[in-house]
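Can you build the whole structure from these sequences, using the hints too?
Protein chains: 2
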Amino acid sequence: MPFSNQPQKGMQDDFPWDMAVHNRVMGTIAGLLRSFHYEEYDAPVLEPLELFAAKSSEELVREQAYVLRDRGDRELVLRPEMTPTLARMVSQISRERPRPYRWYSIPKCFRFERPQKGRLREFRQLNVDLMGDDSVHSDLEMFLLVKGLMASFGLAEAGWRIRWNHRGALNALLGHRGFSADEQKAFYWLIDRVDKIAPEAFGATAAEKLPDAPKRAFLETYLANEDVSVLLAWLREIPETGELCGRLEAFQRLLGSVRLERAVYSPRTVRGLDYYTGLVFEVYAEGESIHRALFGGGRYDKLLDLYSNDPLSGIGFGMGIYIFSLFLEEAGKLPKVEAGDSVLVQPLGGEESAVFALQVAEALRAAGRVAEFSVYSGGVKKVFQKAEARGFTQVALVGDDEVREKAYSLKNLKTGTQEKIPLG
Amino acid sequence: MPFSNQPQKGMQDDFPWDMAVHNRVMGTIAGLLRSFHYEEYDAPVLEPLELFAAKSSEELVREQAYVLRDRGDRELVLRPEMTPTLARMVSQISRERPRPYRWYSIPKCFRFERPQKGRLREFRQLNVDLMGDDSVHSDLEMFLLVKGLMASFGLAEAGWRIRWNHRGALNALLGHRGFSADEQKAFYWLIDRVDKIAPEAFGATAAEKLPDAPKRAFLETYLANEDVSVLLAWLREIPETGELCGRLEAFQRLLGSVRLERAVYSPRTVRGLDYYTGLVFEVYAEGESIHRALFGGGRYDKLLDLYSNDPLSGIGFGMGIYIFSLFLEEAGKLPKVEAGDSVLVQPLGGEESAVFALQVAEALRAAGRVAEFSVYSGGVKKVFQKAEARGFTQVALVGDDEVREKAYSLKNLKTGTQEKIPLG
Chain A
3 MPFSNQPQKG
13 MQDDFPWDMA
23 VHNRVMGTIA
33 GLLRSFHYEE
43 YDAPVLEPLE
53 LFAAKSSEEL
63 VREQAYVLRD
73 RGDRELVLRP
83 EMTPTLARMV
93 SQISRERPRP
103 YRWYSIPKCF
113 RFERPQKGRL
123 REFRQLNVDL
133 MGDDSVHSDL
143 EMFLLVKGLM
153 ASFGLAEAGW
163 RIRWNHRGAL
173 NALLGHRGFS
183 ADEQKAFYWL
193 IDRVDKIAPE
203 AFGATAAEKL
213 PDAPKRAFLE
223 TYLANEDVSV
233 LLAWLREIPE
243 TGELCGRLEA
253 FQRLLGSVRL
263 ERAVYSPRTV
273 RGLDYYTGLV
283 FEVYAEGESI
293 HRALFGGGRY
303 DKLLDLYSND
313 PLSGIGFGMG
323 IYIFSLFLEE
333 AGKLPKVEAG
343 DSVLVQPLGG
353 EESAVFALQV
363 AEALRAAGRV
373 AEFSVYSGGV
383 KKVFQKAEAR
393 GFTQVALVGD
403 DEVREKAYSL
413 KNLKTGTQEK
423 IPLG
Chain B
3 MPFSNQPQKG
13 MQDDFPWDMA
23 VHNRVMGTIA
33 GLLRSFHYEE
43 YDAPVLEPLE
53 LFAAKSSEEL
63 VREQAYVLRD
73 RGDRELVLRP
83 EMTPTLARMV
93 SQISRERPRP
103 YRWYSIPKCF
113 RFERPQKGRL
123 REFRQLNVDL
133 MGDDSVHSDL
143 EMFLLVKGLM
153 ASFGLAEAGW
163 RIRWNHRGAL
173 NALLGHRGFS
183 ADEQKAFYWL
193 IDRVDKIAPE
203 AFGATAAEKL
213 PDAPKRAFLE
223 TYLANEDVSV
233 LLAWLREIPE
243 TGELCGRLEA
253 FQRLLGSVRL
263 ERAVYSPRTV
273 RGLDYYTGLV
283 FEVYAEGESI
293 HRALFGGGRY
303 DKLLDLYSND
313 PLSGIGFGMG
323 IYIFSLFLEE
333 AGKLPKVEAG
343 DSVLVQPLGG
353 EESAVFALQV
363 AEALRAAGRV
373 AEFSVYSGGV
383 KKVFQKAEAR
393 GFTQVALVGD
403 DEVREKAYSL
413 KNLKTGTQEK
423 IPLG
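In order, the protein sequences belong to chains A and B. Per the working numbering, residue 3 is the first one in the first sequence, and the count goes up by one each step. Per the working numbering, residue 3 is the first one in the second sequence, and the count goes up by one each step.
Just so you know, the hints here were simulated from the structure itself, not pulled from any lab data. One or more hints might be untrue.
Pairs involving identical chains hold if they fit within one copy or between any two copies, as the list cannot separate such chains.
[Stated by the list, open to error] When the alpha-carbon atoms are kept at most 30 Å apart in a straight line, the in silico DSSO-like pairs for lysine-lysine are as follows:
1) K304 - K384
2) K338 - K384
3) K198 - K211
4) K388 - K304
5) K11 - K304
6) K11 - K110
As the structure is a prediction and not an experimental result, all values here were calculated from the model.
Structure (structure tokens):
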């Protein structure tokens with residue numbers, strides 16, 4: 003066999019039995035989002051490299067992007083993420099269309115990564131954004147979407163957790179404590195890695211990245227505190243943080259009012275990306291044995307900065323469908339797709355029975371059923387075997403008697419019963 | 003503005019208002035296909051170049067394909083069509099899974115063509131295939147799918163036509179009349195271009211490509227005949243075409259039995275691609291002013307030849323969603339997407355009304371409605387204006403009275419009426 007029939011490494015073929023599950027997962031997600039009035043968008047897979055060089059993370063573009071030169075000599079990238087494209091699209095309509103915009107998409111994205119469990123080189127990524135409003139209610143809506151998403155798959159609240167933080171609050175805190183821009187960067191960098199580095203090695207790394215001892219001490223104090231009221235107390239010491247404090251307090255109260263017990267303040271959640279300016283959050287699977295980041299997002303203020311001075315504020319999150327499906331599977335909540343009540347319509351005689359069987363199939367479809375016209379030949383017993391092997395539960399038999407009587411004999415393969423049903 | 007906010011030439015952004023229409027079109031198509039028991043599949047966008055070099059048309063791969071070298075130094079192509087991928091996938095399962103396979107997909111495909119009306123460089127292409135059966139009933143099913151597709155969009159039968167021919171019959175005819183392999187190729191090549199070349203120039207082109215005068219005369223005779231019974235008479239002169247003649251006669255009878263008046267034999271329909279071996283067909287828009295090929299397909303016998311000796315026979319067609327949507331639009335049948343009965347849930351007081359409004363929104367969603375939590379502030383009149391501008395027909399108002407009474411006031415923006423509805 004000179005040709006391999008396997009897909010590229012890190013990519014997946016979606017056979018009908020796979021696709022049925024993906025469609026169920028994506029359909030459930032889309033249904034939940036639509037009920038909140040989110041609308042679907044889509045965009046070309048190919049974008050200019052320069053857009054992503056300007057707007058995406060350096061790692062993505064330099065190390066992971068699939069790049070090509072088209073026949074018009076333009077350097078293009080297969081999008082590794084959707085946000086730069088979203089920015090490009092929104093900039094086309096943000097002057098005319100009344101806000102806010104609630105948009106979602108489930109694009110295929112592409113990253114050349116080392117394939118591993120939960121990571122693919124081609125993957126579907128849900129993108130959800132609420133743009134054109136910066137109120138605390140929009141922050142809250144993201145958490146309500148997460149809660150709704152989990153509930154729509156029947157996932158128990160004990161099985162997940164939202165960890166949140168606020169980049170605006172952190173920036174104020176660090177600025178007030180004299181952190182330089184480089185030291186702030188180091189601070190975030192260290193927090194982003196605290197769970198990935200062995201505790202005994204973290205001290206040395208911290209000393210190297212953040213040489214100032216009092217600031218390192220604050221990092222320790224900060225990380226040790228998981229109480230949002232302590233964070234608020236620190237903030238209140240700083241002049242001109244009244245509005246920010248009020249916002250965080252209101253957010254805390256709202257979380258209580260809507261009973262979002264699964265959302266907790268977390269000093270370790272800061273999100274790697276530079277463009278977040280407000281609330282940031284990460285959703286974790288938290289089963290007995292599972293403890294894993296599933297997806298996350300946050301608020302950004304400069305989505306349109308490549309195109310205009312419009313400081314459109316938005317909040318959103320991105321979620322890999324594949325990693326979420328693995329989580330559903332581990333939790334025993336991956337939708338099961340049953341064969342359904344499809345009917346195999348089997349002609350048993352010559353051309354006349356075939357023509358009548360075509361009518362029977364058509365009538366069943368008009369009544370909302372799925373009807374397959376059978377191309378099998380042979381005896382009824384053999385047909386039943388084939389039908390069962392393919393997951394049919396019903397076979398509509400059309401022989402000479404049925405043609406004469408303008409009826410079909412519906413065999414139920416589960417119960418074994420058979421009844422003659424007149425057509426129409 | 004240093005960055006263009008437009009998509010690449012020949013590609014389209016799908017804003018929510020575009021996507022809603024695409025989804026309606028694709029949903030209608032998928033619904034029809036599912037009722038015939040077709041199942042959706044999907045596959046990676048990226049495939050090895052060598053697969054397409056071996057399996058696709060030379061023009062596609064050499065002149066139109068988007069090619070890239072990945073970071074593992076593999077030469078990949080963004081699929082310009084789906085069939086080679088379908089072959090790769092089916093070869094993985096054709097030994098285990100009981101046949102036939104009815105599969106469909108609506109993948110994005112990529113071709114670097116000169117952009118023009120009806121052609122895009124990135125496009126969605128419906129692929130429908132019935133594989134693992136070579137009966138005349140499977141041939142017929144393709145036409146029934148076309149008929150069902152047109153009917154499901156409310157298109158009148160007078161607005162379209164299926165033109166069909168049979169490559170097996172043609173091959174027998176040409177072989178019997180002494181056409182060499184090269185002459186057969188020239189014969190097909192000329193037919194494929196007869197509608198594209200000016201009639202006065204066609205003679206000269208024909209003389210050049212097919213120098214043998216009697217064969218050229220047969221080409222003329224063949225093209226002048228639009229009666230399938232004449233084709234059958236020619237076939238009957240040839241030894242060992244009994245089965246073929248029987249099949250074509252049965253097919254003709256079946257078309258009559260199921261009243262497929264819109265399917266006509268056409269000598270000019272041969273399809274450019276080499277891999278067709280039986281029935282070929284093209285669907286035409288035929289309005290008063292429109293006369294245009296929409297899509298086509300045919301039967302093939304060697305789908306799996308790169309992977310095995312299994313002579314799996316199949317029949318299928320490919321249809322560009324964009325060109326089909328243009329046809330629907332011209333015929334006034336492109337689905338219109340109404341704003342629907344979404345509700346804007348508007349808190350009118352402080353935090354308490356916001357919290358209660360969140361409950362109202364949640365209750366509406368639980369009842370199957372689309373409910374948007376409003377981030378607008380200001381007076382009721384201004385809110386109604388904003389709601390109307392965004393296409394809402396209903397606003398649920400939640401003020402202090404409503405909080406106290408545990409109710410919401412539902413304003414109908416069309417009729418102007420307002421009623422108080424208790425929650426739950």
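Between K304 and K384, at a C-alpha cutoff of 30 Å, which is it: within one copy, between copies, both, or neither?
For K304 and K384, only the inter-copy Cα distance (28 Å) is at most 30 Å; the intra-copy one is 66 Å.
Between the shortest in-copy and the shortest cross-copy C-alpha distance, which are at most 30 Å for K338 and K384: within, between, both, or neither?
The answer is within: 28 Å in one copy meets 30 Å, while 47 Å across copies does not.
Alpha-carbon proximity between K198 and K211, which holds within one copy, between copies, both or neither at 30 Å:
Only inside one copy: K198 and K211 sit 16 Å apart there, 70 Å across copies, limit 30 Å.
One pair to classify: K388 and K304, alpha carbons no more than 30 Å apart. Within, between, both, or neither?
between (60 Å within a copy, 25 Å between copies)
Up to 30 Å CA-CA - K304 versus K11, copy category:
Result: close only across copies, 26 Å inter versus 36 Å intra.
Can you tell me if K11 and K110 fall within 30 Å by alpha carbon in one copy, between copies, both or neither?
both (16 Å within a copy, 20 Å between copies)
Every hint from the earlier list agrees with this structure, and none is contradicted.
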